[in-house]
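> Each chain, written out:
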Amino acid sequence: MDDWRNGGFGLYVHWPFCQAKCPYCDFNSHVTARIDQTKWAEAYRRELLRAAPQLSGRVLNTIFFGGGTPSLMHPDTVATVIDAAREIWPFSNDIEISLEANPTSVEAGRFVGYRDAGVNRISMGVQALNDEDLRRLGRMHSVSEARAAFDVARNCFDRVSFDLIYARQGQTIETWKAELNDALSMAIDHLSLYQLTIEAGTAFGDRYERGTLRDLPSDDNAADMYLATQEICEAHGLPAYEVSNHARPGAESRHNLIYWRYGDYLGVGPGAHGRLTLGGDRYATETYLQPGAWMEAVISGSGEAQRTLLSKDDASAEFLMMGMRLVEGLDMGRYRNISGKDLPADRIAHLVDLGMVETRDDRLIATDDGRAVLNAILRELLVE
Amino acid sequence: MTELDKIRNFSIVAHIDHGKSTLADRLIQETGTVEDRDMKEQLLDSMDIERERGITIKANTVRIDYKAENGETYVLNLIDTPGHVDFAYEVSRSMRAVEGSLLVVDSTQGVEAQTLANVYQAIDADHEIVPVLNKIDLPASDCDRVAEQIEDVIGIDATDAIQVSAKTGQGIRETLEAIVHKLPAPSGDRDAPLKAMLVDSWYDAYLGVIVLVRIMDGTLKKGMRVKFMSNGTLHHVDRIGVFRPAMQAVDVLGPGEIGFLTASIKQVRDTRVGDTITNDRNGTELALPGYKPAQPVVFCGLFPVDSAEFEDLRDAIDKLALNDASFSYEMETSAALGFGFRCGFLGLLHLEVIRDRIEREYNIELITTAPSVVYHVYMKGKEGIEGEMIELHNPADMPDMSKVDHIEEPRIKATILVPDEYLGDVLKLCQDRRGIQEDLTYAGSRAMVVYDLPLNEVVFDFYDRLKSVTKGYASFDYQMTGYREDNLVKMSVLVNDEPVDALSMMVHRDRAEMRGRAMCEKLKDLIPRHMFKIPIQAAIGGKVIARETLSALRKDVTAKCYGGDATRKRKLLDKQKAGKKKMRQFGKVDIPQEAFISALKMDS
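In order, the protein sequence lines correspond to chains A and D.
Note that numbering that gives the first Met the number 0 numbers the first sequence so that position 268 is 267, with each residue one more than the last.
Note that numbering that gives the first Met the number 0 numbers the second sequence so that position 250 is 249, with each residue one more than the last.
Worth double-checking, as some hints may not be accurate.
Unchecked claim - Quick list of in silico lysine-lysine cross-link-like pairs, BS3-like style, CA-CA up to 30 Å:
#1 D:Lys574 / A:Lys20
#2 A:Lys340 / D:Lys587
#3 A:Lys311 / D:Lys574
#4 A:Lys340 / D:Lys559
#5 D:Lys559 / A:Lys311
#6 A:Lys176 / D:Lys559
#7 D:Lys579 / A:Lys340
As the list claims (entries may be wrong) - Pulled from the structure, derived: some chain D residues nowhere near chain A, Cβ distances all over 10 Å:
#8 Gly240
#9 Ser306
#10 Asp438
#11 Met447
#12 Arg546
Please keep in mind that the hints were generated in silico from the structure rather than gathered at the bench.
Here a beta-carbon is modelled for each residue, glycine too, at the ideal position from N, C-alpha and C.
With the sequences and hints as input, model every part of the structure.
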């Protein structure tokens with residue numbers, strides 16, 4: 000059995016357009032006035048047909064529309080993609096089809112259309128429950144608008160998640176706890192709670208470099224916020240299942256689990272990445288980043304810009320890096336299969352002594368404290 | 000062979016940047032010794048490092064033919080000497096080979112500490128001295144003031160000082176005339192047995208060791224057999240010649256002349272500077288007074304960053320040592336840094352030059368441990384027998400204090416010239432470094448202070464601090480004065496309860512707490528947080544004198560990591576892995592390389 004079957008098979012569709020670029024975002028997003036939806040729908044369809052022959056015989060577990068802002072897609076465009084996928088791969092009975100949406104009234108108006116196209120899960124970028132902070136984060140919506148859009152969503156879909164960003168400028172542990180409790184009273188079955196990360200090359204990154212991004216919580220305060228987040232969500236029945244993701248048991252994002260369980264995924268759309276096992280070898284795929292360049296490439300045959308064979312070391316490093324994010328931890332037997340060797344026993348013993356990891360039934364699991372310093376754990380485990 | 004009265008041998012004495020090399024370039028150019036198209040800046044500095052840093056490290060020499068105003072042609076031999084204190088021994092040996100000096104002083108700056116040290120060496124060697132005021136093309140030039148200063152500070156007559164701009168060429172002919180008419184011709188007896196002074200020697204990949212000689216008596220010819228008097232070795236002279244400044248073969252060198260010989264000698268170590276070379280049979284009985292060999296005064300460990308490069312480092316050090324007898328080394332093992340070498344240098348500049356050459360010419364990345372001086376550790380005697388004295392080159396080797404009677408440290412006499420307004424800061428700096436003031440005088444608006452200081456307090460960053468508190472206006476020179484007992488102890492540093500040998504140091508007992516605290520605080524900033532808290536302690540023997548705790552890392556995780564991030568984050572992790580590899584592991588603690596040097600820099 001190919002190793003990827005332990006994680007499943009999903010389809011990621013990247014919609015690269017936004018109404019505005021957020022100052023913390025380093026994703027592949029572009030602001031354009033006019034978009035020819037029919038042309039884009041056709042391009043996605045062609046990409047799926049191109050990839051199909053080498054991925055035959057698979058059952059599709061999930062589809063995820065990410066971006067950019069996929070809630071700017073016309074419901075017909077979404078339907079074209081879903082229908083094309085269904086013609087190629089049999090869908091699993093419980094297929095999860097998610098779409099990321101901005102919480103505005105305009106976009107909420109398209110929710111029924113998305114549902115009719117086959118979408119069964121919405122993930123909303125609420126980001127903050129405080130208007131001042133939403134403005135600072137460069138968001139175009141207000142809290143009341145977000146709440147209204149959320150109500151529309153919960154009437155259309157059984158599964159609704161939303162994102163918040165914390166450890167924001169001026170935030171204290173107390174204000175965050177209050178905001179989180181507020182969010183949990185709204186939440187249905189899933190929450191993504193991200194600590195603000197200052198990425199180089201973003202507006203926040205530039206301001207950080209210049210020293211004008213003030214009042215960010217200290218590392219210690221951010222660590223306290225992280226631990227408080229774990230406790231509060233757990234108490235509300237939404238325990239963490241990944242570093243930044245919380246769900247009622249059974250309501251985890253199955254698409255994202257494919258990434259973290261190191262399954263296979265096909266990525267289509269500008270700048271989409273994929274991991275595909277072909278002939279027993281794992282490949283990393285990448286499409287053209289710029290929307291125009293991608294479109295031209297698709298028209299002339301293939302949007303794929305790069306396909307790289309992953310070495311045993313690279314694949315096992317990725318497996319470890321992704322798997323350790325999960326509360327369920329990772330299967331050390333799979334690590335052995337992928338890398339051809341065992342994880343270093345002495346390093347694991349040291350990490351167990353420090354209370355950073357546990358081992359159970361041949362699984363390696365980061366503790367709550369360990370997940371907060373996961374990069375340090377990975378450095379420890381990966382350095383020869 | 001040149002008639003004695005047509006020879007003039009001289010050197011140039013100057014402070015760094017006062018234009019010595021440029022003046023030498025002009026003298027060479029003016030006399031047509033080098034074709035214009037072959038001229039380049041700092042012609043005599045052949046090493047890259049010399050040109051880059053604008054300093055002269057090795058003594059160089061050039062023979063110039065000059066047709067003087069009186070119609071006669073003279074042979075002028077210039078020995079260009081290093082100006083820096085580290086290379087004072089090079090200066091002293093070169094001075095003995097010539098009869099006069101040009102004293103070059105920047106007319107916009109005045110006399111500096113280095114000028115003094117070198118000019119006194121020239122006076123010691125009984126030189127006739129011709130003062131030259133350089134850079135007169137600059138608006139800030141003030142010849143009268145500087146001439147007066149030369150008379151006040153150095154005590155030589157500067158009324159006939161030559162005004163020169165080495166840059167524009169003004170005054171160059173006057174300088175050449177002064178060399179001919181003011182400097183004495185050498186003396187010597189052509190018919191006596193050969194007596195030649197070994198001035199310097201260096202290794203050449205094609206010719207083997209090249210020996211720079213000054214003939215005192217007799218003649219040196221190609222094909223002769225000669226004897227090196229210090230060790231009695233015999234050599235067959237393959238070739239002799241002069242520098243113009245490229246090597247040019249000649250048939251014979253007579254009294255007063257300066258040139259080179261090669262004799263299939265393999266190692267620079269086989270040629271002792273100051274040695275007397277004579278005929279193998281019927282040679283002179285009377286050797287020239289020799290020089291004392293240069294002693295390393297500063298020691299440090301050099302370790303390859305990549306421990307796999309140890310053999311490459313050994314090879315590089317062996318090769319450099321072939322050409323530099325003043326540089327000593329022995330293998331060293333450090334728990335922290337693995338295999339490396341404990342090396343001895345003439346001073347900090349010498350250390351930097353050697354380190355740079357290893358890194359650059361041999362492409363080996365190095366970890367340099369904190370420089371240390373040589374302590375004299377006197378062990379306790381037993382039953383009336385006096386205890387032995389151990390020369391301590393590395394604080395890590397300090398014997399058990401209970402067996403030690405007392406410790407002596409090297410002292411220096413430091414001369415600092417500084418504009419009035421910075422004097423207070425300079426005095427404070429010297430005082431902070433356990434200095435004892437010996438003299439304070441004024442020359443115009445500049446003060447000259449003389450301090451007796453422990454070398455230990457100077458080797459690390461004294462010069463940097465001095466430059467910084469005086470905005471670069473102070474000049475500094477020193478000479479070793481000997482050893483003196485003081486209350487010295489070994490301070491060790493423990494990270495996570497493990498001693499880090501590369502960080503241990505000798506300190507004065509009264510300053511130990513302060514240094515210990517400063518060190519622990521520095522290390523706390525330099526060591527990255529780990530997944531556990533790390534105590535950092537300074538201790539004398541078993542007694543902890545300072546302590547800091549580096550708190551545990553609590554947050555280091557990527558918030559978002561989805562399918563598209565896998566490649567990017569993996570590469571980031573690879574980079575971090577590489578960074579971790581560059582650190583040194585102490586028990587379970589990773590210490591970055593820069594900590595080994597930075598931790599020892601003092602801020603006071």
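> Look at each hint and say if it fits the structure.
Going through the hints against the structure:
A distance of roughly 29 Å separates the Cα atoms of lysine 574 of chain D and lysine 20 of chain A; the hinted pair therefore holds under the 30 Å criterion. For the proposed pair lysine 340 of chain A and lysine 587 of chain D, the alpha carbon gap of about 23 Å is at most 30 Å, so the pair holds. Between lysine 311 of chain A and lysine 574 of chain D the CA atoms are separated by roughly 18 Å; this keeps the pair inside 30 Å, and the hint holds. The suggested pairing of lysine 340 of chain A with lysine 559 of chain D holds, with an alpha-carbon distance near 28 Å, which does not exceed 30 Å.
At roughly 24 Å between alpha-carbon atoms, lysine 559 of chain D and lysine 311 of chain A fall within 30 Å of each other, so this suggested pair holds. Pair hint lysine 176 of chain A plus lysine 559 of chain D holds up; C-alpha atoms about 21 Å apart against a cutoff of 30 Å. Between lysine 579 of chain D and lysine 340 of chain A the alpha-carbon distance is near 22 Å, which keeps this suggested pair within the 30 Å criterion. With a closest Cβ-Cβ approach of about 56 Å to chain A, glycine 240 of chain D is found to remain outside the 10 Å limit, as its non-interface label requires.
Remark: the non-interface label on serine 306 of chain D is consistent with the geometry, its nearest Cβ contact in chain A lying 13 Å away (cut-off 10 Å). Every Cβ of chain A is farther than 10 Å from the Cβ of aspartate 438 of chain D; the closest lies at roughly 48 Å, confirming the non-interface assignment. For methionine 447 of chain D, the non-interface assignment is confirmed: its Cβ lies about 45 Å from the closest Cβ of chain A, beyond the 10 Å cut-off. The claim that arginine 546 of chain D lies off the interface holds: its Cβ sits roughly 21 Å from the closest Cβ of chain A, which is beyond the 10 Å cut-off.
Every hint, counting from the list given before, is met by this structure.
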